[in-house]
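Asker: Chains A and B are the protein sequences, given in the same order. 1 is the number of the first residue of the first sequence in my numbering; add one for each residue after it. 1 is the number of the first residue of the second sequence in my numbering; add one for each residue after it.
Incorrect hints may appear among the rest.
With a straight-line cut-off of 25 angstroms between C-alpha atoms, the simulated PhoX-like cross-links for lysine-lysine are [as the list claims (entries may be wrong)]:
{"hint": "1", "chain 1": "B", "residue 1": "Lys102", "chain 2": "A", "residue 2": "Lys29"}
{"hint": "2", "chain 1": "A", "residue 1": "Lys89", "chain 2": "A", "residue 2": "Lys159"}
{"hint": "3", "chain 1": "A", "residue 1": "Lys29", "chain 2": "B", "residue 2": "Lys67"}
{"hint": "4", "chain 1": "A", "residue 1": "Lys194", "chain 2": "A", "residue 2": "Lys159"}
{"hint": "5", "chain 1": "A", "residue 1": "Lys143", "chain 2": "A", "residue 2": "Lys159"}
{"hint": "6", "chain 1": "A", "residue 1": "Lys198", "chain 2": "A", "residue 2": "Lys212"}
Anything over 12 angstroms on all C-beta distances counts as not near chain A; from chain B, calculated [claimed, not checked]:
{"hint": "7", "residue": "Ser137"}
{"hint": "8", "residue": "Phe139"}
{"hint": "9", "residue": "Thr140"}
{"hint": "10", "residue": "Gln142"}
{"hint": "11", "residue": "Ile180"}
Just so you know, the hints here were simulated from the structure itself, not pulled from any lab data. Beta carbons are placed, not taken as given, at the ideal position from N, Cα and C, and that holds for glycine.
Residues per chain, in single letters:
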Amino acid sequence: MSDNHSKHDSEFSDPQSETEHHHDLISIKGALLVFLGLMIGTALTVGAARVDFGSSLVNFIIAMIIAVAKASLVVYFFMSFRNEVRFNKAYALSSLIFLAIFLSFCAVDWFTRGDYKDNYWSMHMNEKPFPEMMALQASQASKFDTPWVSNPELLDVGKKAYAVSCASCHGSAGHGDGVAATAMNPKPRNFSTKEGWKGPIKFFHIYDVIMKGLPGTQMSSFGALPPDERFGIAHYVLSMTGESTQVDSPSDLAKIGIDPSKPKGGLVDDRKEIPIEIAIDAIAVD
Amino acid sequence: MSNVHDAHGSGERHHAHHFLSAPHEFSAAKQGMWLFLVQEVLFFSGLFVAYGLFKMMYHDMFHAGSKMLSVPMGLTNTIILITSSLTMALGVKFATLGDKKKTTLFLVLTFLLAAGFLVVKTFEYTGKIHHGLLPGSLFTDQALLAEHPKIPIFFSIYFMMTGVHGAHVIGGMIYMLVLIRRANRGEFGPKYYTPVEMLGLYWHFVDLVWIFLFPLLYLVG
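Produce the entire structure from the sequences given, and follow the hints as far as they go.
Answerer: Dropping the structure here:
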């Protein structure tokens, strides 16, 4: 046994031999210097946090830079990373790679959610979550002058948007038989029959449901869609029902905030996206 | 140095039978420790991601919650932990030099600093509990709640992050007690100091987590 051991001993550099441990671990003076560095770093962190740089983001970035510097001191000297064998260095660094993957995937998810994020909240909150946003969206004008009147171009926009936003539940032909419909109770509306409708089979009612969703069902608000798509989908769905496509009366249109006597129905001709400040406020308020 | 020799006759601790040699055992232990620390990074990073997401979602609420924490107490604990990292590093150093007395002394100092950290933490927690600044439905500060309805989320994150970190401190202290006893018996010397070095790595990691927690929670929240 012991012969066997001594034969193999030479294969490992002996990290605990008298000659090596002096390089292996930090000297007492070195440890005190690192300690001093960490204390200075702490003072800088607290000091910098008290300065107003105009944006809290600057404070945040400065604090993180100092924290990373302090952490590096700890890892490099106190944890003897500098003298670690390459294999363990690779281990230690791999944690940073995993961390980067974790953070970046979460960031990608967060920053690309867009409309889904808004819909998610509308879907799960009974009260109206974004009063300001909803009001803003509802008042946005379409690029068409009279979007409450169907036209071929609007129908085409609606058909395409329907395929993206509606077909997964309502089915591509509107029979309420989309892929996702199997798991739903109540089932999504079958547009080809006249049973079960919660309102008149008219343009204004369909548009209203698109904007607000139907409480107690899986039909959530699609108010975050661009105005042309909302109007287009409403016309396209109406065309699927086979009902007459005659223009709704002014009193019906008033229920969805449209005044046909005004240009663009009195909608705001501002087709910019929701300002980010309002979106953040709305999120914070809810 | 002589203590090590006295305690074990040969002066060498015999390595476990599944290792080829003492250095082999040492390097395996160290590799295992690094692996453990890698998963610790991932363990904590989940909490940091939660912090980041909620901070982005409820920016003002986070700021208001952060304002309720005591910077002097957080700063005191930062200084305590950094000092304990120094005493830990010195403890390991003296273990490699075979200085039984100083190894024991610095391990005891580290233990006392860790206990000090927990005492400050206890004062902080007691204050938060007293003012009803607690997670979820336990939160009772109506004035804050009226202004920031989601503010209990901040305290969920605060208690979760500092609590998990505190558990790490307690865990380290328990093993520290074991090693203080062993160091006092003269078990460690230039030929064998593996447990002290491993505890050192762990303890520096605990310090490292706090280096991030302090600014994130107390200063720029």
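Asker: A separate judgement is required for each hint: does it hold in the structure or not?
Answerer: Hints, one by one, checked against the model:
Between Lys102(B) and Lys29(A) the CA atoms are separated by roughly 16 angstroms; this keeps the pair inside 25 angstroms, and the hint holds. The straight-line distance between the Cα atoms of Lys89(A) and Lys159(A) is roughly 57 angstroms, outside the 25 angstroms bound, and the hint therefore fails. Distance check on the hinted pair: Lys29(A) and Lys67(B) sit about 38 angstroms apart at the alpha-carbon level, beyond 25 angstroms; violated. Restraint check for Lys194(A) and Lys159(A): satisfied, since their Cα atoms lie roughly 21 angstroms apart, inside the 25 angstroms limit.
Between the alpha carbons of Lys143(A) and Lys159(A) the distance comes to roughly 17 angstroms, so the proposed pair stays at or under 25 angstroms and holds. The suggested pairing of Lys198(A) with Lys212(A) holds, with an alpha-carbon distance near 13 angstroms, which does not exceed 25 angstroms. Every beta carbon of chain A lies more than 12 angstroms from that of Ser137(B), the smallest distance being close to 18 angstroms; the non-interface claim holds. No Cβ of chain A comes within 12 angstroms of the Cβ of Phe139(B); the nearest lies about 17 angstroms off, and the non-interface call holds.
Listed as outside the interface, Thr140(B) is consistent with that label: its C-beta sits roughly 22 angstroms from the nearest C-beta of chain A, beyond the 12 angstroms cut-off. Every CB of chain A is more than 12 angstroms from the CB of Gln142(B) (nearest about 18 angstroms), matching its label as outside the interface. With a minimum CB-CB distance of about 20 angstroms to chain A, Ile180(B) clears the 12 angstroms threshold, and the non-interface call stands.
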